[in-house]
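Novice: Here is how the chains run, residue by residue.
2 protein chains.
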Amino acid sequence: MSVIYDRVALIGLGLIASSMFWAMKRGGLAKEVVGYARSAETRDTAREIGLCDRVCDSIAETVEGADLIVLCVPVGVMADVAAEMAPHLKTGATVTDVGSVKVDVIQKVGPHLPEGVHFVPAHPLAGTEHSGPRSGFAELFDNRWLLIVPVAGSDRAAVGRLRDLWEAMGANVDEMDAEHHDLVVAVTSHAPHLIAYTMVGVADDLRRVTDSEVIKYSAGGFRDFTRIAASDPTMWRDVFLTNKEATLEVLGRFTEELFALQRAIRQGDGEHLHAYFTRTRAIRRGIIEAGQDTDAPDFGRSGRKS
Amino acid sequence: MSVIYDRVALIGLGLIASSMFWAMKRGGLAKEVVGYARSAETRDTAREIGLCDRVCDSIAETVEGADLIVLCVPVGVMADVAAEMAPHLKTGATVTDVGSVKVDVIQKVGPHLPEGVHFVPAHPLAGTEHSGPRSGFAELFDNRWLLIVPVAGSDRAAVGRLRDLWEAMGANVDEMDAEHHDLVVAVTSHAPHLIAYTMVGVADDLRRVTDSEVIKYSAGGFRDFTRIAASDPTMWRDVFLTNKEATLEVLGRFTEELFALQRAIRQGDGEHLHAYFTRTRAIRRGIIEAGQDTDAPDFGRSGRKS
Numbered sequence: 002m003s004v005i006y007d008r009v010a011l012i013g014l015g016l017i018a019s020s021m022f023w024a025m026k027r028g029g030l031a032k033e034v035v036g037y038a039r040s041a042e043t044r045d046t047a048r049e050i051g052l053c054d055r056v057c058d059s060i061a062e063t064v065e066g067a068d069l070i071v072l073c074v075p076v077g078v079m080a081d082v083a084a085e086m087a088p089h090l091k092t093g094a095t096v097t098d099v100g101s102v103k104v105d106v107i108q109k110v111g112p113h114l115p116e117g118v119h120f121v122p123a124h125p126l127a128g129t130e131h132s133g134p135r136s137g138f139a140e141l142f143d144n145r146w147l148l149i150v151p152v153a154g155s156d157r158a159a160v161g162r163l164r165d166l167w168e169a170m171g172a173n174v175d176e177m178d179a180e181h182h183d184l185v186v187a188v189t190s191h192a193p194h195l196i197a198y199t200m201v202g203v204a205d206d207l208r209r210v211t212d213s214e215v216i217k218y219s220a221g222g223f224r225d226f227t228r229i230a231a232s233d234p235t236m237w238r239d240v241f242l243t244n245k246e247a248t249l250e251v252l253g254r255f256t257e258e259l260f261a262l263q264r265a266i267r268q269g270d271g272e273h274l275h276a277y278f279t280r281t282r283a284i285r286r287g288i289i290e291a292g293q294d295t296d297a298p299d300f301g302r303s304g305r306k307s
Numbered sequence: 002m003s004v005i006y007d008r009v010a011l012i013g014l015g016l017i018a019s020s021m022f023w024a025m026k027r028g029g030l031a032k033e034v035v036g037y038a039r040s041a042e043t044r045d046t047a048r049e050i051g052l053c054d055r056v057c058d059s060i061a062e063t064v065e066g067a068d069l070i071v072l073c074v075p076v077g078v079m080a081d082v083a084a085e086m087a088p089h090l091k092t093g094a095t096v097t098d099v100g101s102v103k104v105d106v107i108q109k110v111g112p113h114l115p116e117g118v119h120f121v122p123a124h125p126l127a128g129t130e131h132s133g134p135r136s137g138f139a140e141l142f143d144n145r146w147l148l149i150v151p152v153a154g155s156d157r158a159a160v161g162r163l164r165d166l167w168e169a170m171g172a173n174v175d176e177m178d179a180e181h182h183d184l185v186v187a188v189t190s191h192a193p194h195l196i197a198y199t200m201v202g203v204a205d206d207l208r209r210v211t212d213s214e215v216i217k218y219s220a221g222g223f224r225d226f227t228r229i230a231a232s233d234p235t236m237w238r239d240v241f242l243t244n245k246e247a248t249l250e251v252l253g254r255f256t257e258e259l260f261a262l263q264r265a266i267r268q269g270d271g272e273h274l275h276a277y278f279t280r281t282r283a284i285r286r287g288i289i290e291a292g293q294d295t296d297a298p299d300f301g302r303s304g305r306k307s
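Protein chains in written order, with this note's numbering: chain A, 2 to 307; chain B, 2 to 307.
A hint or two may mislead.
Any copy will do: because identical chains look the same in the list, a pair fits if it lies in one copy or spans two.
Result set (DSBU-like, lysine-lysine): computed pairs, CA atoms no more than 30 Å apart in a straight line [as the list claims (entries may be wrong)]: (1) 217 with 26; (2) 245 with 109; (3) 245 with 217; (4) 91 with 32; (5) 91 with 109; (6) 26 with 91; (7) 109 with 217.
I should point out that these hints are in silico values taken from the structure, not numbers from a laboratory.
Work out the full structure, taking the sequences as your base and the hints as a guide.
Specialist: The following block contains the structure:
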């Protein structure tokens, strides 16, 4: 592999940024990676574990001379960060982000960026329920999708170079327009997260089922919901507030469908249920064929016992 | 390990029965395990892969002389199977089941069993999204819970012996009464399954998001839903039809809560969302501490790449 950017600046040092750092190190993709986090504690942790070649104490210092600046902060604060860094950006630099929402980020970040700086929004479809500077690992993006969402007039050379970086970090790259992106992730990620959060909250509320029982007997499906519902609260609050319309639209459809299935249960309509469950099974097969999950009978869990 | 039952009869040869067979073989827990499945194709497969020491072509032949009979069929057909096998049961035999619902099974199976036969209902809280005779593996029950739900007057020696078998197959065993069982699993398993089925169905319906996109970009949360929603349709239809009240009660609570979160999104109430998501995170920590899941940063998935 070879160097793609001389200097990369990571703003925000959570799961995605730390995984990007380790993936860039693995591939030798940048001469220097500089990092910044608003919290002094996070900066100390980063220095302690060798996360970033240099950790800076201000945004201005971090972005100075950088060829690529990656916004890895919750989408709700991206506009403020963009405003703060704008005067310090090098002409010809590329600014990108890793936010889960694109229409809102483009509207709020774009206007702050000066002439001569390329803005190429992006979104890696990868994550875990962990967060913070210690949660990253080099393999997070391997065989996962990275969606580039170019803005009007995005420089094609800048887009191509960012694509090269993500591919070298292991990702498959697609391009998509911002509105379509926000609807697709509302279906595949945002609505499922809200639903998982809700179900876990309900389980916690049902006092007749004690907490310890819910936890003890979680293997039957609930366990996967708790994993999703353990994701970073700040990040997800911002996702729902900024991808409001698409998320509410999908949740509206979800509620309609859930009511239809509840009615089928109440009325004892086994045919309706069976046909529905048979249809959803086919989607799973598609995901396995697309290489986005494993078909191991125990989902790879037994490995941890040995 | 030592033999716990001389002869075990498995009725139905799907995921649970085939895993029980391999777990009993692993531990040398039965002298002979006899199996039966209604479908000739399943019986042929079982003979081909060595599933069961002997595969019989009738229920009568299968249960004859058996010390333990395990009903591993969908809960909707357990009553019919019980009626068919009843005249052929050995006095002193124990009949158990692995159904996900207990009140309904006890009401429908119990009356068919003759005097002198012990009925000890049970439910292993373990599974995968796979089904059929080829889906089993010996480790399925390792460190998972098995709930024994004794009926009025269950013979304590028969309960103890069944507990010994499950513990020797790797499970942790608890006892619970039937109504409480059905509510607990409605929370930890039945409602989550219906919700996952619903979300996957909605994704399939949203024509503006093409199938291929939903599948391709599923890593962000949706993927886990599809795994749950790939479970056996017949089994799950019967679960919802027979644990109707508890499931509808939990779904009712879920819908209320989901509406409250949807309203918070619509109104831009970030504090409500953040507080809710912070609370659900704690439950996840409890599950990891209880040893019912792994805390590996990538959930053990990276292993499959090597």
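Novice: A separate judgement is required for each hint: does it hold in the structure or not?
Specialist: Evaluation of the provided hints:
1. 217 with 26: between (40 Å within a copy, 27 Å between copies)
2. 245 with 109: within (15 Å within a copy, 48 Å between copies)
3. 245 with 217: between (35 Å within a copy, 23 Å between copies)
4. 91 with 32: Result: close within a single copy only, 17 Å intra versus 77 Å inter.
5. 91 with 109: within (20 Å within a copy, 76 Å between copies)
6. 26 with 91: Answer is within; shortest intra-copy Cα gap is 23 Å, inter-copy 68 Å.
7. 109 with 217: between (44 Å within a copy, 28 Å between copies)
Taken one by one, the earlier hints all hold for this structure without exception.
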